[in-house]
Amino acid sequence: MTVPAASSRRVPAGSRGHDSAAFHSRASVDSRADDSAGSPGRASAGSRRHTHAVRPTLDLERELAASGYDLLVGFDEVGRGALAGPVMVGAAAIATSDLAKRQVPEGVADSKLLTAHRREGMLDALCSWCTAYAVGQATNTEIDEWGISHALGIAALRALNNIEQHLAVVAPYRIGAILDGPNDYITKALDTFDAPLLAIPAEITTRVKADQQCASVATASVIAKVTRDRLMVSIAQGNPAYRPYHWAQNKGYGSAEHRAAIARYGATDLHRRSWHLV
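Under UniProt numbering, think of the first position of the sequence shown as 1, with each following residue one higher.
Worth double-checking, as some hints may not be accurate.
As the list claims (entries may be wrong) - Now the in silico label distances, taken between C-beta atoms and shown as ranges:
1) Pro-244 / Arg-174: 46 to 52 Å
2) Asp-269 / Gly-147: 16 to 22 Å
3) Gly-147 / Ala-125: 31 to 37 Å
4) Arg-273 / Ala-66: 43 to 49 Å
Keep in mind the hints are simulated off the structure, nothing from the lab.
Beta carbons: idealized from backbone N, C-alpha and C, even for Gly.
I would like the entire structure built from these sequences, with the hints used as guidance.
This is the structure in structure tokens:
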């Protein structure tokens, strides 16, 4: 099944089948609602939304722009802990020539700190704020084959590849990137057989809590979360075989009702079979 090309102005509303993807990849499913549903040892999404998070800034983006980059890309993942469906990595790109006139988008924050209603309401403004954006995915079968870390790297590279194609970048163009978390899974995936051929590799800066501190990463977080949630709802509503798993509510995460359905009906073709499902 073909996948739509990267865009600077549109996020797909759902899937044309459970193997489609947003921009460059294959399927996608997520909930952290949402995101922490059924995950032991983690605070609920609702409780996290009431924490006092630091408002994202463009400080790191401007610091990196001074190093001579032409484009800065914020990356954030969604769906890492889900039991079903793909993982997604959002990418929000800003031309450094535009940074002086850019303001932090109103209300933007790590997607986990926002309600679904707030995320949906700000989506169009966030997409318009970006010079370009994309969401890359790796399917549940790719996760089973490669492991989650490599799957995340490939999903991120698929998103970056689409942004590069959309902007028609050529050397000596320089791309800097900010990746949420301590682990640079993007560079690790770059020289593997599975990676897309990039015109220009990005130079990665990792930062813990970048999704809370950096506007580009927070923007990528919201775009990826809305895209994945929409796809999971579309999948759940589009095929009666998936309805017992309640993906429209749990987005593929390990809620009690999801695990109970796996125990009763077994795993589907969208479950990550290498994971502990029940």
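Cross-check of the supplied hints:
Take Pro-244 and Arg-174: their Cβ atoms lie about 50 Å apart, and the range 46 to 52 Å holds. Between Asp-269 and Gly-147 the beta carbons are some 19 Å apart, a value that agrees with the proposed interval 16 to 22 Å. For the pair Gly-147 and Ala-125, the supplied restraint of 31 to 37 Å holds, since their beta-carbon distance comes to about 36 Å. A beta carbon spacing of about 47 Å between Arg-273 and Ala-66 agrees with the range 43 to 49 Å that was offered as a hint.
Consistency note: the structure conflicts with none of the earlier hints.
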